[in-house]
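Visitor: These protein sequence lines map, in sequence, to chains A and B. Position 164 (the first sequence) corresponds to 164 in the numbering used here; numbering is contiguous. Position 129 (the second sequence) corresponds to 129 in the numbering used here; numbering is contiguous.
Read the hints as simulated data drawn from the structure, not as lab findings. Remember, it's a predicted structure, so these values are computed and weren't measured experimentally. Errors might be hidden in some of the hints.
As the list claims (entries may be wrong) - Beta-carbon label-pair distances, calculated as ranges: (1) A:T110 <-> B:A85: 35 to 43 Å; (2) B:V145 <-> A:L103: 30 to 38 Å; (3) B:A91 <-> A:T110: 31 to 39 Å; (4) A:E53 <-> B:V145: 53 to 61 Å.
For each residue, glycine too, the CB sits at the ideal point set by N, CA and C.
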Amino acid sequence: MELEQLLESCPEYAKDLKLNLGAVLRQTELTERQTWGTAVCSAMASRNPRVLEAVLVEAARHLDEPALFAARAAAAVMGMNNIFYRFRHLSTNEKYGSMPARLRMQVIRTHGSDPVDFELWCLAVSAINGCGVCVDSHEKVLREKGVGEETILAAVRIASVIHALAAVMDAVTV
Amino acid sequence: MLGVGEHFPAFSLSATVSIDKGKAFQPITGQDYPGKWKVYFFWPKDFTFVCPTEIAAFGKLNHEFQDRDAQVLGGSTDSEFVHLAWRQNHADLKDLPFPMLADIKRELCAALGILDPKEGVAQRATFVVDPENIIRFVSVNDLSVGRNPQEVLRVLDALQTDELCPCNWQKGDAVLKV
Chain A
1 MELEQLLESC
11 PEYAKDLKLN
21 LGAVLRQTEL
31 TERQTWGTAV
41 CSAMASRNPR
51 VLEAVLVEAA
61 RHLDEPALFA
71 ARAAAAVMGM
81 NNIFYRFRHL
91 STNEKYGSMP
101 ARLRMQVIRT
111 HGSDPVDFEL
121 WCLAVSAING
131 CGVCVDSHEK
141 VLREKGVGEE
151 TILAAVRIAS
161 VIHALAAVMD
171 AVTV
Chain B
1 MLGVGEHFPA
11 FSLSATVSID
21 KGKAFQPITG
31 QDYPGKWKVY
41 FFWPKDFTFV
51 CPTEIAAFGK
61 LNHEFQDRDA
71 QVLGGSTDSE
81 FVHLAWRQNH
91 ADLKDLPFPM
101 LADIKRELCA
111 ALGILDPKEG
121 VAQRATFVVD
131 PENIIRFVSV
141 NDLSVGRNPQ
151 EVLRVLDALQ
161 TDELCPCNWQ
171 KGDAVLKV
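Just chain A, same shape as in the assembly:
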C-alpha cells in the first residue's frame, strides 16, 4: 500500500498526525537519505505492519540497498541494545555496569553505510524504545561528529510521528 493511501485511512481524531507526517518528511534539516532511513527504522521500531509496508514502499524510491540495509540494521540492533542498556540504567545495582554484555552487535561496525546517518538512525530508534542512556550517548556522539541539535530534533520528530501513526493504525484494525 502507498503511504498516501494509508494516510487516507487515518481517522479524524488523528488528523494532526497525518498532517505532521507530511511536514516532518519534507523538512530540510536532514538529507534525503537521513530522512527516509529515519522513517524506515522508526517504522520498524513502531511495529505496525501496514505503516512499515507503506514507509518501505516510499523509502525504496529514496534509498539505495545499502542505506535500506543499514536503517533496518539500526532498528534491529537497537531493539536489543535499548532493552539491555536500559535495564542497566534502571537497576540500582551498579554491578551490572561492570559485567560484560556478551551480545553480538557486529552490525554496528559492518552496516556499510555512512556512520553519521547510522548514528542518527540508532538515536531515533532509542527515542522510540525509550532508553535514556542510549538517547544520551548517541546524541553526544552525533554532536561530536558535528551534527547540530536542529538536525537531531528533525529526526526525533519523524520518529515521534511515525510511532504515533503506528499506534493509530493498530487501533484502526481492532
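With chain A fixed as given, assemble chain B onto it according to the hints.
Guide: Chain B only, in chain A's frame:
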C-alpha cells in the same frame, strides 16, 4: 611466537583452493579479505595421521565461520602441489571449502614463530585475526594432538561480542570511537 595484540605478518603465498585442474592454485595475501576476520590454522605435514580429521572438521564448520564474517585458511610448509595431491587423495578433503596455504619457504611460519625447532615444520598452531590484522587468539598443540574447531568458533564468538554501542557509555568515560 607472536602473541595477542601483535600484527599478523604480511605474506603472499600460493594456495590450493580446489581439485579442479586449472583452478587449483591461487595466490593469497593477508590483505585479500578486507573487513573479515581470519582463522589461520597450521599443521606439520600433509599426508599424515591427525591432520585430515581436524581439517575436515574445520571444513564442516566453515559456514559457521562464514556467518561470523571469518575466512578459514589452512596451511603447512608443504608445496601447493602436495596440498593438491592430498586433497585429491583423501575423501574428507576433496570438497574442502577453504584454501590451503603453501608456506614452502617457511617465511610465514618463521615470522609467526611456529616452526618446530626439531622437525622444522609448522606446529599445530591456530591464530584468530581481526579485520585490522591484529592477532586476537593464539593456540598451539604438540605435533600429535589434534585441535577442536568448535572451541575456535566459541572463541571467535566471544571475541565478536565487543560492546560497540555507545549505549554502554558510563558517565565520565571517553565516547567510543567506532
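Visitor: Evaluate each hint against the coordinates.
Guide: Now the hints, each set against the structure:
In this structure the hint that T110 of chain A and A85 of chain B lie 35 to 43 Å apart at CB holds, the actual value being about 38 Å. Taking the beta carbon of each, V145 of chain B and L103 of chain A are about 33 Å apart, inside 30 to 38 Å as hinted. For the hinted restraint 31 to 39 Å between A91 of chain B and T110 of chain A, the CB-CB distance of approximately 36 Å keeps it satisfied. One distance hint, 53 to 61 Å for the beta-carbon pair E53 of chain A and V145 of chain B, holds here, with the actual separation near 56 Å.
In this structure, every one of the numbered hints holds.
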